[in-house]
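Assemble the complex: chain W is given as a structure, and chain Z must be docked to it using the hints.
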Amino acid sequence: MNASVLRLVLRGSFAGNKARLALTVLCIALGVALAGAVHTLHASALAEIERAARALSGKADVEIRGPRSGFDEALYPLIAKREEVLVASPVVDLEAPLANSPGTLRVLGVDPFRAARLQAGYVAGSSSANFTWSTEGLDASNAWLTPAALARLGAQPGQTIALRSDAGDVHLRIAGVLPSLDAGGDAAVVDIAAAQERFGRVGRLSRIDVRLRPGVDAAAFRTALASVLPPGVVASAPASIATRAESITRAYRVNLTALALMALLTGLFLVYSTLALQAARRRQEHALLRALGVTGRGLSFLIVMEGALVGVAGAIVGTLLGLAASRAILRRSGTDLGAGYFRGLDATFAPDPWALGAIALLGVAAAAAGCGVIARAASRLDVAAALRDRALDVPQQRSGGVIAAACLAALGAVLLLVPPVTGLPVGGYLAITCWLAASVLLVAPACRGALQHLARVRDPVAALAVAQVRHLPGHLSASVAGIVVSASLCVAMAVMVHSFRVSLDAWLQGVIGADLYARAAEEGDTVRFSLEQQGRVAALPGIARVDARQYDRLAIAEGAAPLTLVARPLDATILRGFQAEPAEPPPATSEVPVWANDAALDLQAWRIGDRVTIPVAGRSIAVVIAGRYRDYSRTWGALLMDLAAYRRITGDSSASDLAIHLRDRSQATAVSAAMRAALPEMGSLALEDGTSIHRRSLEIFDRTFAVTYALEAVAIAIALGGITSSFAALAWSRRREFGLLRHLGLTRREILRMLALEGAATGLLGALIGLASGAAISLVLVHVVNRQSFHWGMEVHWPLAALAALVLALVAACAAGASWSARAALRDDAVRAVRDDA
Amino acid sequence: MLEVRDLAKSFGAAPLFEAVAFGVAPGELVALVGESGSGKSTLLNILAGLERPDAGSVHLAGQALPFGNDEALALWRRAHVGFVFQAFHLLPYLTVSENVALPLVLNGVPSGERAGRVLAALQSVGMARHAGRKPGTLSGGEAQRVAIARSVVHGPRLLLADEPTGNLDEANAAQVLDTLRSEVKRSGAAGLLVTHSPVAAAAADRVLRLSGRHLAAA
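Keeping their order, the protein sequence lines are chains W and Z.
Numbering-wise, numbering that gives the first Met the number 0 puts 238 at position 239 of the first sequence, and it's gapless, one number per residue.
Numbering-wise, numbering that gives the first Met the number 0 puts 132 at position 133 of the second sequence, and it's gapless, one number per residue.
Bound conformation, chain W alone (with noise of 0.2 Å):
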């Protein structure tokens, strides 16, 4: 096969089916757009998450971090005059509420001295030309704030923010800009001092910033430290909360990207479908071709170029709407696609070449792929017969399809057994994809079972039909497995959706046992409610029960996700509300148990009973695991830990937040109001009842999943749009049988319905294939993908009704565009249809 030759036939190919091509080239685009954008938009975000570190880290080799509550500043002098280190800089990182509007407002307390060697961009200009900072800088009531802070507030220098804290609102004289620190995100920079004192934070550090001596190994650095560091402080690379974003959130983006390459798989189907068919129509052309000597190789070659050339165009209409649609997403709401992980994230606009080219090669790869057993098929014409016949059908596997589901689905099976690579339940996504190619394999064996036990019928319009079906089983065949696709994944994921939600729901219910919740804050971590305050709020009338809670973050090792400690009361009513296991607490022993969430005892190959120790309040403390409970409300380790033992170990009688019981439940609006009256000081003070955080939090599961609907609504509009082509193809193919159908009396209305049961036969033969095949995935997701990605359990519930309706919108979708896509085909003149040889 020669360029000439290509492109000749190409052109033609392509010139014949205009409206038939556009539409397969905008589904791969679509699916191709919807990946590329998804991508994008986290690509952006994780981006600017590391620019960020790193602009705030400047030339440091190695950081020091420690719990959220902090660690001792005794442990600076320590590190600083260590032979190794060049410049130690001691760093206060905390999140404060903004007094006078919602949010919080990141401050960071730095030494300037020592901050300027690391980051010149600390002192680097500010507003002030003879600044100094034994005068300007050092003086605590002063701010300078990075240009994204001064914008999003709407704040210029001279003027005052006032910020929450534990000892009031803490008024800062914004000082200056910080223009090098514009990558450093949102944050105010004080002196380390005068965060600690005004801040509640005296003697207290949340990092050290190291730059080590010339020569000296970061690594070897960090594993000398190991024994010196107290316990829950840990010594690792700069930026590596950018490395641990990008490490909480893989699993969540991978999952997402993985759902938008579903899309791009079902318009595999699609180009499948349409160059199936259109290869059935030029069936005679293939034949000539090969008796005017195109090998068997070459027009196999021929096909795949046409499917590879619809797949480039997709891929560069694709890639180009992906990059618009993120851009824009980007701009109007930012990074954030439902979940949370990236909310507030003002991102720059930072596209992935290489991944983005990655998407795009998926693109033309499937749809070249979906041309190879059409090629093959093609290959193999009898050339001879074929120029005889005037056949419609699809080409189709005959035999095998059985054995190699099979196949499929028994590898399928043994890929659930592997265990999450790098926290991806790598496994599960090839179990699913096996499994969809033995679901769409058995569509051909269970098409033919199908139609051999078709019953009679006799109203001679639905015979018709069904001889029409018998007469394509291949073009059935081919339709149908586009909507097995499509019809699987939504059932699937329809499924594990309202499996969670059920599950979320009851979890829900079990976890939130208090009438009113009240917060020292909506965000941020310098209010707390003091021992004093929860007397207050406990003596308050209307009042029968104050639970305080407590929250620390506890750093495991280098590089791996903290691990939060949950302190609260707990006893058997509160565990079994956390669904654990088991929901009794042990007898009073010298030690401390906790429960661990599934995500701690994944992560940390924590078994129950085991022994462990964990860092809390700078000490090791061993602790057994007594049980598990489930956490929803976060995807990596957690810990229950009883709050009395929480307070006699930390000595921390403080709280995030209190559970209040009242004695009347209607009472809830005069004691909230009794308790803002009762802690005139705590202007952050956030009240929520029960039911609103119930609410809200269903809320935000939908909201999270909002996405996941937009995308599984786009592989069901790629099948159908899929669907309604073929038919249309078909139609027009068939437009001498409508002729002899009006010449034999039938009025166009009864062809119309003729070919909205042909439709609606593939419809339910599909759609109930994809029940079955979608029900077996939806065990996967709940199972091994949710499981592994995200160490949620939670059992399967069915939505039948939901399942019903979309088994019927997909029969009465395809019956609709069946006998949508026949319309043109019927207005032609029937005498004229008839003697049409084209």
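What the hints contain is simulated information worked out from the structure, not anything from laboratory work.
Keep in mind that the hints are not guaranteed to be accurate.
What the hints assert, rightly or not - With a straight-line cut-off of 25 Å between C-alpha atoms, the simulated SDA-like cross-links for lysine to any residue are:
#1 W:Lys17 / Z:Gly135
#2 Z:Lys133 / W:Ala408
#3 Z:Lys133 / W:Trp731
#4 Z:Lys133 / W:Asp597
#5 W:Lys17 / Z:Gly131
Below, chain Z without anything else, positioned relative to chain W:
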């Protein structure tokens, strides 16, 4: 030019024909006639390398057809065979001249040379003025004359015509047969015309009848 030796073909246990042997000289047009189902088209397909015989061999210009190798047969057909079909089989999306040029394109003839040869072929069948038209706008007779031009444009040694007048009325059939005959003479190819029409057979230099599994002169 064409020499067929002891060809045999059967479908399952039922023999279609056996011991078929004949030759066609350069520039000679031979008609192959016979009842429907006698195996005329199958014999034509074997001569074109589209089907395999059960026994026997086919030689063109002294070279045996490589029946065992599908790719080699395709390349052989590309270089040495011209086809005329009952249903014309012109590609609807190509113009008349592009359709005629197709065998030249397949054989890698440079574009500069192609135009002249296409024009000459179209002129010889009287279709040069329709070079820019699409097949859908041609009458049956015109389409078949274009198909004849396509069959001879690359100078094949064997020209096979399968019921070329089957879809045409008498006047057009006569014109097409005349064109076919003159093209065979002009090109010096061995021509084989499969037909069940006595009128078409009469246009040939010689008539062979396939009947009762054997080939005989009519």
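Consistency of the hints with the structure:
no. : hint                : result
1   : W:Lys17 / Z:Gly135  : 18 Å, holds
2   : Z:Lys133 / W:Ala408 : 51 Å, violated
3   : Z:Lys133 / W:Trp731 : 20 Å, holds
4   : Z:Lys133 / W:Asp597 : 70 Å, violated
5   : W:Lys17 / Z:Gly131  : 22 Å, holds
Hints 2 and 4 from the earlier list are contradicted by this structure; the remaining hints agree with it.
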